[in-house]
Structures are given as structure tokens and as C-alpha cells.
Amino acid sequence: MAIKLVNEVRETKPLIHNLTNEVVMNFSANGLLAFGGSPIMAMAEEDAADIAQLSDGVLINIGTLTEPHLRAMILAGKAANQKDVPVVIDPVGVAATSYRTEAFQRIIDEVQPTAIKGNAGEMAHLVGITLETKGVDSVGEGDSEEIAKKVAEKYNTIALVTGETDVISDGQEIMTNQAGHEWLGKVTGSGCLLGSILAACLSTSGTRLEQTMAAARFYGLAAERASRHTTVNGPGTFAACFIDALAMDITKLEG
Amino acid sequence: MAIKLVNEVRETKPLIHNLTNEVVMNFSANGLLAFGGSPIMAMAEEDAADIAQLSDGVLINIGTLTEPHLRAMILAGKAANQKDVPVVIDPVGVAATSYRTEAFQRIIDEVQPTAIKGNAGEMAHLVGITLETKGVDSVGEGDSEEIAKKVAEKYNTIALVTGETDVISDGQEIMTNQAGHEWLGKVTGSGCLLGSILAACLSTSGTRLEQTMAAARFYGLAAERASRHTTVNGPGTFAACFIDALAMDITKLEG
Amino acid sequence: MAIKLVNEVRETKPLIHNLTNEVVMNFSANGLLAFGGSPIMAMAEEDAADIAQLSDGVLINIGTLTEPHLRAMILAGKAANQKDVPVVIDPVGVAATSYRTEAFQRIIDEVQPTAIKGNAGEMAHLVGITLETKGVDSVGEGDSEEIAKKVAEKYNTIALVTGETDVISDGQEIMTNQAGHEWLGKVTGSGCLLGSILAACLSTSGTRLEQTMAAARFYGLAAERASRHTTVNGPGTFAACFIDALAMDITKLEG
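Residue numbers (my numbering), protein chains in the order written: chain A, 1 to 255; chain B, 1 to 255; chain C, 1 to 255.
With the rest of the complex left out, here is chain A:
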């Protein structure tokens, strides 16, 4: 199934509007482009809604949130909802400060997400469970299955809790993905880019669970593939080879 959906992305080249943080913009654009999507980044309140409605998917990532960005995110998310364009929310660092907790609430009060993705600490926070976090990273893993299910139920969405095992839930079913590599944790924005790739997969013809599983599994396989490349000698060379792997056939990745 993952093969079929990834191939579909490569045929349709969905335009994904990334309202994301300033740290990862370049990496997210290159990764999404390698994967087969068409990235666009636009943070002005003046045209965020117009671009969202032209797009096949919208990503809202609060990593380096400011008030003007937050206003653009809400405009884009609402506009996407009106046209049934899928919306992914990545609540980066939501547990770190009260400002971020409130910002997420302001978004969710006005925007219905198709999917929410985050690490265990972030996702737990959204349903009132406290896990240890360090800055924007999760330290404890907690019970990811319970967290995914609760987030999906509470926000009427698909939940993707990333970690050594990724857990996906629609509030009833649970799916897990084991593909991946620890070196992803050494590349800034690897979680953020997965949000963009998830937005692209949500434009395909599978069910929401299948689409989310395709994104997580392909991403993990690409990381495994990159880690095996002979020129990889650390996180810098890994990042370049990971972008390469995102452009490969999924059959080649599994081989």
C-alpha cells in the first residue's frame, strides 16, 4: 500500500503550503521536493489563505512561532478547511512554554486538523499527560499507543506519535511503524520534514490511516537506506544521503 501511495505523490506532485519554522525551511523544502511534492512557503497574512486554497495540503508547524506567523497559520488553516484541503499540525515544543500551549489552542479553536503529529512529549501534553521534555525534544516515551488514541479522539483527527516506534491512530485502530534510524535524531528538522511529507501523502487516495502509515514507513525506510550508504560518516553526510533516499523508488529502499 505504501508503494502505491508514494507513487501517487510522484505522479500528482501535490503542492504543499508549509507554514513552518525558520530553522527547517530549506531542509523541508528540499526533502519534500526530493520525495515528489511541490513545496511552497508563504508566511504573509496577506496571501496565506489564497495559497492554502491553491494547495493540495497545508502544514502548520509552530517551531519558531511569532504572532504574525500565528495569524498567517490560522488564516491558512481556516481557508484550507473551507476547501477540504488536508491540514497537518505539528505542535513543536508545545509543552515548553505557556505561550506555545496557548498558541496551539488558538490554532485548534479555529482550524480542524486532518492529522496531528509530534513526539511523545508534545502529543502527551495535548491530552493532559506530562512527560519529560527537553526544549523541543521528548525525553520520556510514555505509552505512545494510549497517547495517540487520546489525541485522535480529543481532536477528531489522525494522530502520529513519532519515536523509536511510530504510533498512528484514528481513535480506534492503532498502527505502528518500526522503520527508521537513530541518525534522524541527529538531523535538525527531521521531525518537521515528516510533517510536510505527511501532508503530501494525505492528498492521495488511501484511507487516512494508510496515508499516514505510508508517510511514516517511507520516511523510516529512506533513513535506513541512507544510513547504509558508504560515504556516510556522520550527521552531515547522512543528511545529504537522506535527501537522496527520499527521491528513490520505495522498492529500491526496501531492497
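Just so you know, these hints were derived from the structure itself, not from any lab.
We treat Cβ as the ideally placed atom computed from N, Cα and C, and that holds for glycine.
Just to be clear, a hint being listed does not mean it is correct.
What the hints assert, rightly or not - Heads up, simulated BS3-like pairs for lysine-lysine below, C-alpha to C-alpha not over 25 Å straight-line:
#, chain 1, residue 1, chain 2, residue 2
1, A, Lys4, B, Lys186
2, B, Lys252, C, Lys4
3, B, Lys13, A, Lys186
4, C, Lys154, A, Lys186
5, A, Lys186, C, Lys13
6, C, Lys4, A, Lys186
7, A, Lys252, B, Lys186
8, B, Lys13, B, Lys78
9, C, Lys186, B, Lys4
10, A, Lys13, B, Lys186
As the list claims (entries may be wrong) - A few chain B residues facing chain A, derived, Cβ under 7 Å:
#, residue
11, Glu22
12, Val23
13, Ala49
14, Thr64
15, Leu65
16, Thr97
17, Tyr99
18, Thr188
19, Thr231
20, Asn233
21, Gly236
22, Thr237
23, Ala240
Fit chains B and C to the known structure of chain A by using the hints.
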């Protein structure tokens, strides 16, 4: 001629003030630095004009436009015009939303560009021709020669229409460049970086047509060279090798 | 001593709040992560202080300064001072425009830096000595020992003057570092990333001079190591291998 002008950039190391989008800032700075220029990025209204007047060239790229950035761009462009510092405008995504169309008009009402560069869809839009676009990318190619000539005439500038064949015009003459590689299209900001490199070339002693041709041709040759590198295995490794190639002798690139 | 302090960073993984410029955010985050720190970037006035107080170090870098960023920097710096969190200031381009000169003064009026780092031109400007600069780069080297000592005295801080030889002073003692490689000068943000790594080292148990020396020396050794890598063929491949080297054992680097 291209050799001479590129070598001149490497001797003079022109300071280029890049008012560009947030997605490509790092790639543009590294590419321009590899090429031989001295990049500076400054987006504050408070000193955009001062920095423009210290510079040997100014690039205005509206890729992730916001109102504060737009105001800084206009201040920098006007200041550059006063001191005869060359100005390149890259109207990224100008056809995508009315905000971007109006923003370009606000810039052009106050700033005289030395050159305008863009893909066929963007450049066509500037002279009232509608081509198919997708986000910030051009889908149709149209008649690039006609488009280049019309843009050059209408805005009294040099026009560079990028594509499989790049077309350059001053409104009368037409020059074309075939050097290049399709993998450039898989690297975010490859068009944007060409704008920075064009700004550097406009500080040399050739005619405007020669300077623009030198930029486009060198850029294409560097892409070809990078594509032949044995460690290139996809867009991630290509991007790193492309930066390497931008730092090479042009004679080495043609060899 | 450098080995001990770098190993300490890798054990404690200090959370470093980087209020830095938009050009280098991704490179700084990846470099700091490779080195062993935990990067966080947050530029909102709403939570810059909260995040600074959660952190083990704060970096203030004025490379692409705007007024909202400046306000966030001052809030973060003051909050860090209250909790004895070390603060590094990198006065990028401080001599280039009066806005930047004044902005540095506004920061220093409210924030006590643990260390100030910059190139010779920037650091000289802070103590009223004029050196030739070009954009954000220093051209002349001047008497770095005198400059370092004066900056340290005037601002009651540790001064790190970068250059072919890095000079460190606390106002009385002088230490120098010769490790390094000229290719660092071909990678945008290599000076900025050193500021983030210095902030991480300031969280260890050495004296301020030892901590600063550890950062400068490790950084130079990593550059030397990367320059020797067989796949390095220019600044693009060097940058990736340099990130790799930042993740290595310091004993491996010296070998």
C-alpha cells in the same frame, strides 16, 4: 567572455546585499560565497538602505514576502538606484496571488531594476501573458524569446527567462544559454541563487548582456559538472557538489 | 582539558537557546546538535525569556537583526542573567551600519555577556578601534591580543577574537588557538556556529578561559579533520564533512 567576467568576480569579491526569501538564505549565501562574491543579508528597514549603498549589487527576491520585508526591499532598491548599484529583481511566485502581483508593482514603481530574472510563468505574467504555473514553479514554457524581449522593453531592463534554455534580452538582442542540468530543478532555491550570482556578475566590466550570459552559462556549467561527480546519488549529494562546482575555475568546468 | 570539557557537553547535552540570524539557523542547529548540545531557536517576545530560563546557555547573534528580534534578544538575555545562565553575544556586522552599532549598545546596556565573540573588525569596533571591514567580514587583522584584552576589560567578559589565530582574553590572561582551516571561511555561518558551540562549552565545569579555549580548539580541529576527508572537493562537501567532524571524539580529531 564568461571566463573573464567570472574571474573578475573572484578578484573583486563584490559585496551583494541579498533581500531574499527565508527558504534559500543559507543556500544562496553559500553558493554566492563559493562563486566568489561576498554575501550579506539584512532585512531591517533601519539599515537596508545603508547596506545597499555599501554594496556592489542588490538582489530583491519576493519568495517569502511579508510587509516589513517589502518595505526593506523598496528602501534598499531606491538607495541602490541613487548610487548606481546594480539591482536584480526576482519576482518569485508573482502570478500565484494578487498580493504578490501588487507587491511586485509596488517595488517596480519605486525601483529601477538592472535585471529581472524569473521562470517563464513569472516573466510572462509581468507582461500580461498567462502561462500555467504551479505554486512558485512554471509548468508551461511559452515563447521565452518573446517574453524576454517584452519584459526588457516594458521595464527598461535586462530580462533573463530561465528554463531548459535560458533566454536573455535587452529588448533588442536575444542570447540563449543551453548549459544546465535537470537536477537543478530538484534543489530548492536554485533559481534564487542564480539571482545572487547574476547580481555579482553585474558588478563586472562587461555589457549587461555579457554579464547576464556569464552568470547563466557559468551556473549551467557548474550544474553539469556537479552532475558528473561520482559521489552524486540524488538531489542531496548533488546540492553539495553543486556548491563545490560553483567554486571551481570555469576552465575546469568546461573541460 | 579541551577533551574533558567537550566530553562533559556530550554527557549533559546542554540546551542552548539560539537567538541567531536567519541565514545560519539550520547550520547552527545541525552543528550544535552534532557537537552534543540541544539547540532551540525561539524569537518571539512572548516566550524568549521563558525559554532562556529553561536553557543552559543563550546565544545572541545580530546577523539579520530586526526590531522584533532585538526586543526578544534583550528579554532573553536579561532573563538568562537573572538565572546565571551563560550568555554569548556575537556582534555580527556591528561596524557596518549605525543601526547595528546602536543595537549592540541597546543589548549591552541591559544584558551582561559571559563572552563576546567576533572577528577582529567587529571586536575592534567595540573598543573604538577602526579596522577595515567588508560587509560582515573583517579584512584587516589588527592587533588581536590588544583588542581581545580591551573588549574583555571594557565589557567585563571573556573575549574571543576569531581569525587565523584565535585570541581569547579575560582582560588579564591571553590564550591563543592555531587549530583551524581556511575553508571555514568559505562556509556561511561558520563564525556564527562557533558562538553556539561556545555557549554549550560555557555550561561545563572549567574556568571561562578553559571553556572558551575548548570551544575554539575543538572547532578548529574539526575543520582540520574535515579538510582531510577524501570526499571533500570544495565548500559544499566540506560543510557536510565538517558537521560530521563536530560529532566525532576529540581524540579522533587530534589523531
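Going through the hints against the structure:
no.	hint	in the structure
1	A/Lys4 - B/Lys186	holds (22 Å)
2	B/Lys252 - C/Lys4	violated (45 Å)
3	B/Lys13 - A/Lys186	violated (35 Å)
4	C/Lys154 - A/Lys186	violated (39 Å)
5	A/Lys186 - C/Lys13	holds (12 Å)
6	C/Lys4 - A/Lys186	holds (22 Å)
7	A/Lys252 - B/Lys186	holds (19 Å)
8	B/Lys13 - B/Lys78	holds (23 Å)
9	C/Lys186 - B/Lys4	holds (22 Å)
10	A/Lys13 - B/Lys186	holds (12 Å)
11	Glu22	holds (6 Å)
12	Val23	holds (5 Å)
13	Ala49	violated (22 Å)
14	Thr64	holds (5 Å)
15	Leu65	holds (6 Å)
16	Thr97	holds (4 Å)
17	Tyr99	holds (4 Å)
18	Thr188	holds (4 Å)
19	Thr231	holds (6 Å)
20	Asn233	holds (5 Å)
21	Gly236	holds (3 Å)
22	Thr237	holds (5 Å)
23	Ala240	holds (5 Å)
Figure legend: structure checked against the earlier numbered hints; hints not met, in rising order: 2, 3, 4 and 13.
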